[in-house]
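There are 2 protein chains.
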Amino acid sequence: MRIAIDAMGGDYAPSEIIKGAVSGAREYGIGLLLVGPQPIIEKELARNDHRGLDIEIEHTDEYLIEGEQAAYTLRQKRHASILLAVKAIKEGRAAAAIGVGPTGGVFASALQVLGTLEGISRPVVGSPVIGFASSTFLVDLGGNVDSRPDQLLDFAVIGTVYARKWMNIPEPTVALLSNGKEEGKGNDMVKQTYALFKKSGLNFIGNVEGNDLAMGKANVIVCDGFVGNCLVKFCEGLGTQIAHWMTGELKGKLAEDEIQRMTGTLLRYTVPADTSGGGPLLAVNGVVCKAHGRSKAPEVALTFGTAKRAVELDMVGTFKAELAAARARLNLPGTG
Amino acid sequence: MRIAIDAMGGDYAPSEIIKGAVSGAREYGIGLLLVGPQPIIEKELARNDHRGLDIEIEHTDEYLIEGEQAAYTLRQKRHASILLAVKAIKEGRAAAAIGVGPTGGVFASALQVLGTLEGISRPVVGSPVIGFASSTFLVDLGGNVDSRPDQLLDFAVIGTVYARKWMNIPEPTVALLSNGKEEGKGNDMVKQTYALFKKSGLNFIGNVEGNDLAMGKANVIVCDGFVGNCLVKFCEGLGTQIAHWMTGELKGKLAEDEIQRMTGTLLRYTVPADTSGGGPLLAVNGVVCKAHGRSKAPEVALTFGTAKRAVELDMVGTFKAELAAARARLNLPGTG
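Heads up: the sequence lines are chains G and L, in that order. Here our numbering is used: the first residue of the first sequence is 20, the next is one more, and so on. Here our numbering is used: the first residue of the second sequence is 20, the next is one more, and so on.
The shape of chain G in the complex, shown without the other chains (with noise of 0.2 Å):
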């Protein structure tokens, strides 16, 4: 298996990109496509031992810098390492491609050049963002305003699939984020939606209301990507906020060391660090990662393992398959 990366992309590329690309490629036991310009990556290469790995350069002088309006460059930056690095995937030449950032740039490259899965219009973004809830995958997070009900289903299908799959949770449950738990209860769409979940075949459990949120009570939880935004933004600055009370009611009270430990922990635990998860795009046809921009080497050499591994898992195949199972057993449209 080859997985392309680009060398560019990031707060500490190129350095820490090819150190982490070296060291994930030997611990995972992969090749490599390392894409940027060749001087600048042989020059990396140097300085890492990589006897006996199996490396592959693609050259290119563009890539995409932080800032850069990513849709509007890429037009102007035909040859962006990202850009390439993806397009790797659909010439068959590498399984699946990261990048470290700019995160536009990432999703803008894999909508462009690999579209996203059969039916499903814009990227979706999901994750397990709330610490306190490790087992709730919350979706959408993305820009998804204004959803219909048959992308709500698309939401909780793929929702489903990652529990299963990713998270390893056997039969997930999925719940609808509503203004109260009794069916009936919610705004147009949600009553809606609710109805095509009832005879959607899914672990649908009914609604549950936003103090369930960060109490685990079911494993997908699924709202329009206004609702969702709102929420996983407004669960950062509330952790934010409350870390910094927290800094304060502590101080001289514990030893500065516990209290940044504790502050460290709440803000891991509210303020998620990428809605992408570090997990794999969902809704797109291939598998793209995106590390964290502020990643250095072993977070990188970490992507790797997770990309082998949604290639493993067949994440792309199974989302197609169940997208299209759920519309088939529902009659909707786009079932292929």
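Everything labelled a hint here was simulated from the structure, so no lab data went into it. Given the structure is predicted, the values throughout are model-derived calculations rather than measurements. Hints should not be assumed to be uniformly reliable.
Identical copies carry no separate label here, and so any pair may be met within one copy or between two of them.
[Stated by the list, open to error] Straight-line C-alpha distance at most 16 Å; calculated EDC-like pairs for lysine to aspartate or glutamate: (1) Lys204 with Asp165; (2) Lys236 with Glu255; (3) Lys210 with Asp165; (4) Lys315 with Asp30; (5) Lys217 with Asp169; (6) Lys236 with Glu137; (7) Lys236 with Glu190; (8) Lys217 with Glu201; (9) Lys62 with Asp169.
Chain G is already provided as a structure; the job is to place chain L on it using the hints.
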């Protein structure tokens, strides 16, 4: 000024209610109308020093019980004490009414007897719910799901009046909750509301995101009731989880009472005791205050101060005038 109170509502009725009413009457220099079974009220009055106070009793044997479906029960109990307390406003025998519980009964009585403000179809619930942003009034937190842009305008006007008159903020800033700061971000409803707010004459500062809610970025933050309900309940759930985690972390490192004090503060900051905030019900055509069901005499007494203040500030008249003015500026219907 005479203020009516349902003597039979609340966890500690009637004794703590009567005790609190007597002390509130003395403290704020107001007359009382105590509604409930006369023998019970007289017995409780005898246990309190009420010399020199102006007290009337309105006898009824009917009252609501926690757990009853309020809207249904009020049709059976046409002489329920809370209903009669609110009727006293309409009949000019009281300037305001106080109910301590059940919440549904207080809301339903206010709506049945007084109705909502001109042009408002359902009760509006708003409050500075997040302790870390005590100058931020979030609205709607109630059941106004599928709100229309003109309803969000009503929320914004009500929030502005409340922030200015009740919270003493001279020129309250108004923001719209969205999934991005830029104009053009949001679902269809938010985008339409943005356009409306820009022309509204409100002190509109644009969109804020979920992470801004706890940061005090605006004095009034407006959202659809579905989103507000999810957020305020999520705040509660997350706060409870963090308090639990914090207690475990600090056990054995700090004194028990210190841990309890911190936990108490955190819960007060995140778990709204009552989304009516102890203030007057919004969008109702008269001053009705709901005290928390767990209120004892001191909280009951304080609620008399709240009710008196709402009357003196003419909250209801100001809501009406400013709602009409905002609609007139935008040529919206419902200008009365």
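For each hint, the structure was consulted:
Taking CA atoms no more than 16 Å apart as the test, Lys204 paired with Asp165 passes between copies only; the shortest distance there is 12 Å, against 18 Å inside one copy. With identical chains, the CA atoms of Lys236 and Glu255 are at most 16 Å apart between copies only, with a shortest distance of 15 Å across copies and 20 Å within one. Taking CA atoms no more than 16 Å apart as the test, Lys210 paired with Asp165 passes in both settings, with 14 Å inside one copy and 11 Å between copies. For a Cα distance limit of 16 Å, the shortest separation of Lys315 from Asp30 inside one copy, 8 Å, qualifies, whereas the shortest one across copies, 57 Å, does not.
Taking CA atoms no more than 16 Å apart as the test, Lys217 paired with Asp169 passes inside one copy only; the shortest distance there is 13 Å, against 34 Å between copies. Taking CA atoms no more than 16 Å apart as the test, Lys236 paired with Glu137 passes in neither setting, with 30 Å inside one copy and 41 Å between copies. In the homo-oligomer, the alpha carbons of Lys236 and Glu190 lie at most 16 Å apart inside one protomer (14 Å), although the nearest pairing across protomers, at 42 Å, exceeds that limit. Taking the shortest Cα distances, Lys217 and Glu201 sit within 16 Å of each other inside one copy (14 Å), while across copies they are farther apart (37 Å).
For the identical chains of this complex, Lys62 and Asp169 are neighbours neither inside a copy (51 Å) nor across copies (62 Å), given an alpha-carbon limit of 16 Å.
Comparing the model with each earlier hint shows violations of hints 6, 9; every other hint is respected.
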